[in-house]
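If you use the working numbering, the sequence shown corresponds to residues 5 to 138, in order.
Treat each hint with caution, since some may be false.
[Said to hold, decoys possible] Keeping only pairs whose Cα atoms sit at most 25 Å apart, straight-line, the calculated DSS-like set for lysine-lysine is:
#, residue 1, residue 2
1, LYS106, LYS33
2, LYS133, LYS33
3, LYS106, LYS133
[What the hints assert, rightly or not] Restraint ranges, calculated between C-beta atoms of paired labels, are given here:
#, residue 1, residue 2, range
4, THR110, GLN85, 14 to 24 Å
5, LEU97, ILE17, 34 to 44 Å
6, GLU117, ARG93, 11 to 21 Å
7, MET111, GLY51, 32 to 42 Å
8, LYS33, ARG109, 13 to 23 Å
9, GLY136, ARG93, 39 to 49 Å
10, LYS133, ARG37, 20 to 30 Å
11, ARG50, HIS23, 20 to 30 Å
12, THR81, GLU13, 20 to 30 Å
13, ARG45, ARG109, 33 to 43 Å
To be clear, the hints were calculated from the coordinates, so they are not data collected in a lab.
Backbone N, C-alpha and C define an ideal beta-carbon position, used for all residues, glycine too.
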Amino acid sequence: MSAPDGFTETLLIDPYEIHFGPIYERGEKGARRFALRIDERHLNGRGVVHGATFMSFADAAFGQAAWDACDHAHVVTLNMQNQFLGPVRAGDLLEVEPVLVKRTRTMIFLRGEFTVADNAVYSAASVWKILGPE
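Just need the whole structure built from these sequences, with the hints factored in.
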């Protein structure tokens, strides 16, 4: 699968994310936009994106943003809140630009609106724990 126009493939190291992806990115550290091309693996029995696909992509994209926010220290997800806003189908390009809401010494707070062709289809917010240097 080739990268969407303007994107490059994200270097993933997590085995699940590698299986789930590829995930693509554009932009600079701290302001990257991520994309996932939806295929049959990502759909539920009704032919639209499974809720777990939204959450997995959010966790992967927000994980990259959290990693950027703490200079590549180890981070883990503590909490994620989700709002499912609309259907996504095979062939769609799901995109998000994670927003750093706040960073403390030990925590990172992120949010993002996920879109297909500029239409909001999912929204998420998450809290990450900074574990320490890699």
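Hints, verified against the model:
Between the alpha carbons of LYS106 and LYS33 the distance comes to roughly 16 Å, so the proposed pair stays at or under 25 Å and holds. Our distance criterion of 25 Å between C-alpha atoms is met by LYS133 and LYS33, whose separation comes to about 19 Å. As the CA atoms of LYS106 and LYS133 are separated by approximately 12 Å, the hinted pair is consistent with the 25 Å bound. At about 20 Å, the beta-carbon gap between THR110 and GLN85 stays in the expected band of 14 to 24 Å.
Separation of LEU97 from ILE17 is about 23 Å and departs from the stated range, judged on CB atoms against 34 to 44 Å. Between GLU117 and ARG93 the C-beta distance comes to about 19 Å, which sits within the given range of 11 to 21 Å. Checked against the given bound of 32 to 42 Å, the beta carbons of MET111 and GLY51, roughly 38 Å apart, stay inside it. The given range of 13 to 23 Å is respected by LYS33 and ARG109, whose C-beta atoms sit roughly 20 Å from each other.
Checked against the hint of 39 to 49 Å, the C-beta distance between GLY136 and ARG93 comes to roughly 41 Å, which is consistent with it. For LYS133 and ARG37, the hinted distance range of 20 to 30 Å is satisfied, since their beta carbons lie about 25 Å from each other. Judged by the Cβ atoms, the range 20 to 30 Å given for ARG50 and HIS23 holds: they are separated by roughly 23 Å. For THR81 paired with GLU13, a C-beta distance near 23 Å keeps the hint of 20 to 30 Å intact.
At roughly 38 Å, the beta carbons of ARG45 and ARG109 sit within the given window of 33 to 43 Å.
Hint compliance for this structure: hint 5 is the single one not met.
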